[in-house]
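In this note's numbering, the protein residues as written are 1 to 404.
Just so you know, the hints here were simulated from the structure itself, not pulled from any lab data.
A few of these clues could be false.
Mimicking BS3-like on lysine-lysine, the simulated pairs with C-alpha atoms at most 27 Å apart in a straight line are [as the list claims (entries may be wrong)]:
1) LYS116 - LYS317
2) LYS287 - LYS193
3) LYS45 - LYS85
4) LYS101 - LYS193
5) LYS317 - LYS101
6) LYS108 - LYS162
7) LYS175 - LYS193
8) LYS317 - LYS301
9) LYS378 - LYS162
10) LYS378 - LYS367
11) LYS176 - LYS301
12) LYS175 - LYS301
13) LYS108 - LYS193
14) LYS317 - LYS162
15) LYS384 - LYS287
16) LYS140 - LYS12
Between beta-carbon pairs, the in silico distance windows are [stated by the list, open to error]:
17) GLU368 - GLY29: 49 to 59 Å
18) GLY110 - GLU304: 14 to 24 Å
19) GLY110 - ARG388: 42 to 52 Å
20) ASP399 - THR198: 52 to 62 Å
21) THR350 - LYS378: 26 to 36 Å
Computed from a predicted structure; not experimentally measured.
Where is the CB? At the ideal position from N, CA and C, for every residue including glycine.
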Amino acid sequence: MQILQARAELEKHINQRINALNFSFNLEGEDTAAFLLSGSELPIKADYEARLNETSHLPQHNRLRLKKREYEVNLYLDLEAAREKAEAVCAALSFDAQDAKAVLDYSKEGMFAFIKDEKGRRVEPDTLLSLLSDAVAQGKSAHLTLPFEVIEAGYTLEQAEKEHRLIAQFSTSFKKPPLNAPGRVYNIKKAAKLLNGTMLNPGEHFSINSLLGARNERNGWQRAPGIREGRYEQEYGGGVCQVSSTLFNAVMMADLEVLERHPHSWPSSYVGIGRDATVSTGGPDFKFANNSSAPLYIFAKTNEKNELVISLYGRTKNDGVRIQISSVRTATLSAAGEEVLLDASLPPNTRFVYREARKGKKSETYKEYYDLDNKLIKKVLAHKDLYRSVKGTVYVSADLYYKQ
1 MQILQARAEL EKHINQRINA LNFSFNLEGE DTAAFLLSGS ELPIKADYEA
51 RLNETSHLPQ HNRLRLKKRE YEVNLYLDLE AAREKAEAVC AALSFDAQDA
101 KAVLDYSKEG MFAFIKDEKG RRVEPDTLLS LLSDAVAQGK SAHLTLPFEV
151 IEAGYTLEQA EKEHRLIAQF STSFKKPPLN APGRVYNIKK AAKLLNGTML
201 NPGEHFSINS LLGARNERNG WQRAPGIREG RYEQEYGGGV CQVSSTLFNA
251 VMMADLEVLE RHPHSWPSSY VGIGRDATVS TGGPDFKFAN NSSAPLYIFA
301 KTNEKNELVI SLYGRTKNDG VRIQISSVRT ATLSAAGEEV LLDASLPPNT
351 RFVYREARKG KKSETYKEYY DLDNKLIKKV LAHKDLYRSV KGTVYVSADL
401 YYKQ
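Hey, can you work out the whole structure from these sequences and the hints?
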């Protein structure tokens, strides 16, 4: 009976000791307590059973001698039972790192707003259990400092800014006749809207014919002058070559890989010789690849000055290097002459020029690489072009035809 009473008294005393315990924690490097654990919410145990068993086996007269003798009872943390609690606490204190983000924002001069990266934190349950176990073994309340692992973001603000900067910009004008014909201006603006906001991942290819689709009335394109068979004709989508040519120049300035590009029948007035890129539904196309290490963003717009501006954003392939495009005419070819044909329906003394004779030209286009001090690093031949001579075609009335 005395043993039972002793056990009850001892358990009462131990529970009082446990309930009086409090363990406050702050995270390493922080002054404010992060959390508090009381002894009553932890699986704390005591090694008193061995003491009681030892006493119960003593003869009665020896037990009486032990009445005033003190035994040390040690407390310990049941690690297995405490793990679930430790994992819950550590989960509440831990959080993932947040990668930086670039958000498209047309109101920004640089087209992107940036959200900075945030470091994460990982608190290990085993670390918490070890600290708690040592503190419980001391048998008194304690304030403990809990170390943690800093988790770095996988994508930083610096990386985001490097991969979303202006790498090339080129503009052409459609202010003067015949470039400002209403239908032509409409088609340029329509093509620019379709192109604006295009994004290419690294390794992805771009085709302007695929982007714009068939240029016809059904798809909302208007008639405007376009070059066909060596002469200007009204065709749906006339003017989109100015968009492809402007994009071509920006692509060269960004040092991206050109996959397909064709010159016009003769040089264009809105870009220098050798710097045009003709396209046609079902015909010539302009294609390039994003051979950089980051996504490429294409922005296209027209402004109040009647300019088409195309900007490329991404990561420059050559840090600290600026590329300038230059071209030169290397030869002028002899005229191909003129073919005179009879059109009996024409009134007397009438001459109708169906196709104007044009002299051919040869050109060379270069990429010039400059450093930050504007010093020329190298000059590379990008391509050579041949604009063939165009044979003129003239229809004349019968009187002029037979007068030859």
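Status of the hints after comparison with the structure:
1. A threshold of 27 Å between alpha carbons decides the hint, and for LYS116 with LYS317 the separation of about 24 Å falls inside it, so the pair holds.
2. Straight-line distance between C-alpha atoms of LYS287 and LYS193 comes to about 18 Å, which keeps the hinted pair within the 27 Å bound.
3. Taking the CA atoms of LYS45 and LYS85, the gap is about 16 Å. The hint holds against a cut of 27 Å.
4. Note on LYS101 and LYS193: the hinted pairing holds, with a Cα-Cα distance of about 25 Å set against a maximum of 27 Å.
5. Between LYS317 and LYS101, the direct Cα distance comes to roughly 21 Å. Compliance with the 27 Å bound is thereby established for this hinted pair.
6. Distance restraint check for LYS108 and LYS162: the Cα-Cα separation of roughly 16 Å lies within the 27 Å cut-off, and the hinted pair is therefore satisfied.
7. For the hint linking LYS175 to LYS193, the alpha-carbon distance of about 19 Å falls within 27 Å, and the restraint holds.
8. Distance hint between LYS317 and LYS301 is fulfilled; the C-alpha atoms sit about 24 Å from each other, no more than 27 Å.
9. Our distance criterion of 27 Å between C-alpha atoms is met by LYS378 and LYS162, whose separation comes to about 24 Å.
10. With a CA separation close to 8 Å, the supplied pair LYS378 and LYS367 stays within the 27 Å bound.
11. The hinted pair formed by LYS176 and LYS301 meets the criterion: a straight-line CA distance of about 18 Å does not exceed 27 Å.
12. Taken as a hint, the LYS175 and LYS301 pair is honoured in the structure, with Cα atoms around 15 Å apart against an allowance of 27 Å.
13. Our distance criterion of 27 Å between C-alpha atoms is met by LYS108 and LYS193, whose separation comes to about 18 Å.
14. Distance check on the hinted pair: LYS317 and LYS162 sit about 11 Å apart at the alpha-carbon level, within 27 Å; holds.
15. Distance check on the hinted pair: LYS384 and LYS287 sit about 18 Å apart at the alpha-carbon level, within 27 Å; holds.
16. A hinted pair counts as satisfied when its Cα atoms are at most 27 Å apart, and LYS140 with LYS12 qualifies at roughly 17 Å.
17. In this structure the hint that GLU368 and GLY29 lie 49 to 59 Å apart at CB holds, the actual value being about 52 Å.
18. Separation of GLY110 from GLU304 is about 21 Å and conforms to the stated range, judged on CB atoms against 14 to 24 Å.
19. A beta carbon spacing of about 43 Å between GLY110 and ARG388 agrees with the range 42 to 52 Å that was offered as a hint.
20. ASP399 and THR198 have their C-beta atoms about 57 Å apart, which keeps the hinted 52 to 62 Å range intact.
21. Distance hint check for THR350 and LYS378: the Cβ-Cβ separation is about 57 Å, which falls outside the suggested range of 26 to 36 Å.
In summary, the one numbered hint that this structure violates is 21.
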